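Student: Spelled out from the first residue to the last, the chains are:
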Amino acid sequence: MSQKTILSNIAVYSVSHALVDATCAGTIFAIVALSQDESQNLFQLIVIYDILAFSTQPVFGLWVDTFRVPVHSAVLGILLVAASTLFLPIPILAASISAIGNALFHVGGGVISLNLAAGRAALPGIYVAPGALGLMIGTLIGKGGHFIAWPFILLLVGSAILILRIPKPEAAAPHELSGNLKWFEMVILLLLVSIAIRSMVGLSLVFPWKSDPTLLVALTLAVVLGKALGGILGDRFGWATIAVSGLVVSAPLLTFFPQTPAIAIAGVFLFNLSMPITLICLAEMLPGKPGFAFGLTTLALIIGAWPTFTELRVFTSHQISIFAAILISVAALYVGLQLYVSHFGKRIPTRQSQIQPAEKEYSGLS
Amino acid sequence: MISDLLKQVVLADVAPPPGQVAALAVGALIVFGVIVVTAVIISIAVIKAIKYRADKDDD
Numbered sequence: 001m002s003q004k005t006i007l008s009n010i011a012v013y014s015v016s017h018a019l020v021d022a023t024c025a026g027t028i029f030a031i032v033a034l035s036q037d038e039s040q041n042l043f044q045l046i047v048i049y050d051i052l053a054f055s056t057q058p059v060f061g062l063w064v065d066t067f068r069v070p071v072h073s074a075v076l077g078i079l080l081v082a083a084s085t086l087f088l089p090i091p092i093l094a095a096s097i098s099a100i101g102n103a104l105f106h107v108g109g110g111v112i113s114l115n116l117a118a119g120r121a122a123l124p125g126i127y128v129a130p131g132a133l134g135l136m137i138g139t140l141i142g143k144g145g146h147f148i149a150w151p152f153i154l155l156l157v158g159s160a161i162l163i164l165r166i167p168k169p170e171a172a173a174p175h176e177l178s179g180n181l182k183w184f185e186m187v188i189l190l191l192l193v194s195i196a197i198r199s200m201v202g203l204s205l206v207f208p209w210k211s212d213p214t215l216l217v218a219l220t221l222a223v224v225l226g227k228a229l230g231g232i233l234g235d236r237f238g239w240a241t242i243a244v245s246g247l248v249v250s251a252p253l254l255t256f257f258p259q260t261p262a263i264a265i266a267g268v269f270l271f272n273l274s275m276p277i278t279l280i281c282l283a284e285m286l287p288g289k290p291g292f293a294f295g296l297t298t299l300a301l302i303i304g305a306w307p308t309f310t311e312l313r314v315f316t317s318h319q320i321s322i323f324a325a326i327l328i329s330v331a332a333l334y335v336g337l338q339l340y341v342s343h344f345g346k347r348i349p350t351r352q353s354q355i356q357p358a359e360k361e362y363s364g365l366s
Numbered sequence: 001m002i003s004d005l006l007k008q009v010v011l012a013d014v015a016p017p018p019g020q021v022a023a024l025a026v027g028a029l030i031v032f033g034v035i036v037v038t039a040v041i042i043s044i045a046v047i048k049a050i051k052y053r054a055d056k057d058d059d
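Going down the list, the protein sequences come from chains A and B.
For reference, each letter of the first sequence is one residue, going 1 to 366 in the working numbering.
For reference, each letter of the second sequence is one residue, going 1 to 59 in the working numbering.
If you are wondering where the hints come from, they were derived from the structure by calculation, not from laboratory data.
Careful, some of the hints might be misleading.
[As the list claims (entries may be wrong)] Quick list of the computed label-pair ranges, beta carbon to beta carbon:
id, chain 1, residue 1, chain 2, residue 2, range
1, B, Lys51, A, Leu215, 44 to 50 Å
2, B, Lys51, A, Ala171, 20 to 26 Å
3, A, Ala331, B, Lys51, 19 to 25 Å
4, A, Ile90, B, Tyr52, 30 to 36 Å
5, B, Lys51, A, Ser245, 28 to 34 Å
6, A, Val335, B, Val31, 42 to 48 Å
7, B, Ala54, A, Ala324, 32 to 38 Å
8, A, Thr66, B, Ile41, 14 to 20 Å
9, A, Ser2, B, Ala45, 37 to 43 Å
10, A, Val314, B, Tyr52, 41 to 47 Å
11, A, Val15, B, Val34, 31 to 37 Å
12, A, Gln259, B, Lys51, 42 to 48 Å
All figures in this text were calculated on a predicted structure; none of them were measured in a lab.
By construction, the Cβ of each residue, glycine as well, lies at the ideal position given by its N, Cα and C atoms.
Could you build all of it, start to finish, from the sequences and the hints given here?
Tutor: In structure tokens:
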């Protein structure tokens, strides 16, 4: 695959990702702004949005994998998100269309990013990272009551056209899953447990200083950089080294210093390093099923988020619970990655690994 | 990601009283349960099928 194809795809899909998430957040908060006195319905609306956006991705992923239609999925998703902005007076319809569109785009773009450099975490990390930025921008616009549909629609349609015009990456030739299949489900389960716990912790953390716009931007950039650099550093220095050490160091920072912005922001950065590594490891465990692998991660995210939707949140946001949860996530990730390396990881980057000749072209990027 | 919206909206800007939140959550959690459990069941079945196929290829 040419460098031009890789660069154009990752640039267009990453920017589109930010745009899609910004539009979804803007739409949801525009609904909130329109219906300020209906908090009861809004609570249910947003929970339903989250469920549809996150838990449907494994099924959409299977569809994309079976029919090899990641580009169609991404474009359809973008168009649905654009259409959702026209249904603000019907909140449940706007939220549902927006959620389904979001899910379709994420899966389509996720498959493209995984196909651009098979077995490498950098590009999926770069693709996922801008979502947090888009979410912040959309939230600020929506909450400020400044959401206007047409600029978003124009930008989304423009990005859909760009996606259709750029060179399509070839689907990665599925490698055969070889190894000790006795550990197959265990590796997948441990990776998903690690993701679910990370989701729970991420939603349980309370940063009282987040109302300061400058600090909010810094926090968002920490999330973006953590996800983007996690894959690049993981490919260079080893997946386990970066993912596990990042989580371990983040545990005390996030648990004991959430009130200190500089330390907490550093903790958030380290906390996010493992995201692209768990994604690529899952995709490697499920050869030929990158969409399904991507969807599994989002299913784990919503399952992990569940306790924070309930009164269990009081428990999950307790200092000791956060510390313990991060350590459990570390243990699950460490054991999962070790089992993967031992039994399946022919292509896993480690500190000692050498770049394969076929990967030289890609490595020139980083 | 978007879950963060839930936290901000429900717990900050338009939060109903805590008792009401619990009652409200019941309906949403039923929907949550049905959709998420279905997705989990499908995912487990697919993972088992992938393993079965890989096992067969090994043989």
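Student: Next, verify each hint and record whether it holds.
Tutor: Hints and how they fare:
Taking 44 to 50 Å as the suggested C-beta distance range, the pair Lys51 (chain B) and Leu215 (chain A) conforms, at roughly 46 Å. Lys51 (chain B) and Ala171 (chain A) have their C-beta atoms about 22 Å apart, which keeps the hinted 20 to 26 Å range intact. For the pair Ala331 (chain A) and Lys51 (chain B), the supplied restraint of 19 to 25 Å holds, since their beta-carbon distance comes to about 24 Å. The given range of 30 to 36 Å is broken by Ile90 (chain A) and Tyr52 (chain B), whose C-beta atoms sit roughly 44 Å from each other.
The hinted window of 28 to 34 Å between Lys51 (chain B) and Ser245 (chain A) holds, with their beta carbons roughly 31 Å apart. Take Val335 (chain A) and Val31 (chain B): their Cβ atoms lie about 34 Å apart, and the range 42 to 48 Å is violated. For the pair Ala54 (chain B) and Ala324 (chain A), the supplied restraint of 32 to 38 Å holds, since their beta-carbon distance comes to about 35 Å. Between Thr66 (chain A) and Ile41 (chain B) the Cβ separation comes to about 18 Å, which falls inside the hinted range of 14 to 20 Å.
Separation of Ser2 (chain A) from Ala45 (chain B) is about 39 Å and conforms to the stated range, judged on CB atoms against 37 to 43 Å. Between Val314 (chain A) and Tyr52 (chain B) the C-beta distance comes to about 43 Å, which sits within the given range of 41 to 47 Å. Checked against the hint of 31 to 37 Å, the C-beta distance between Val15 (chain A) and Val34 (chain B) comes to roughly 35 Å, which is consistent with it. Under the hint 42 to 48 Å, the C-beta atoms of Gln259 (chain A) and Lys51 (chain B), about 46 Å apart, fit the expected range.
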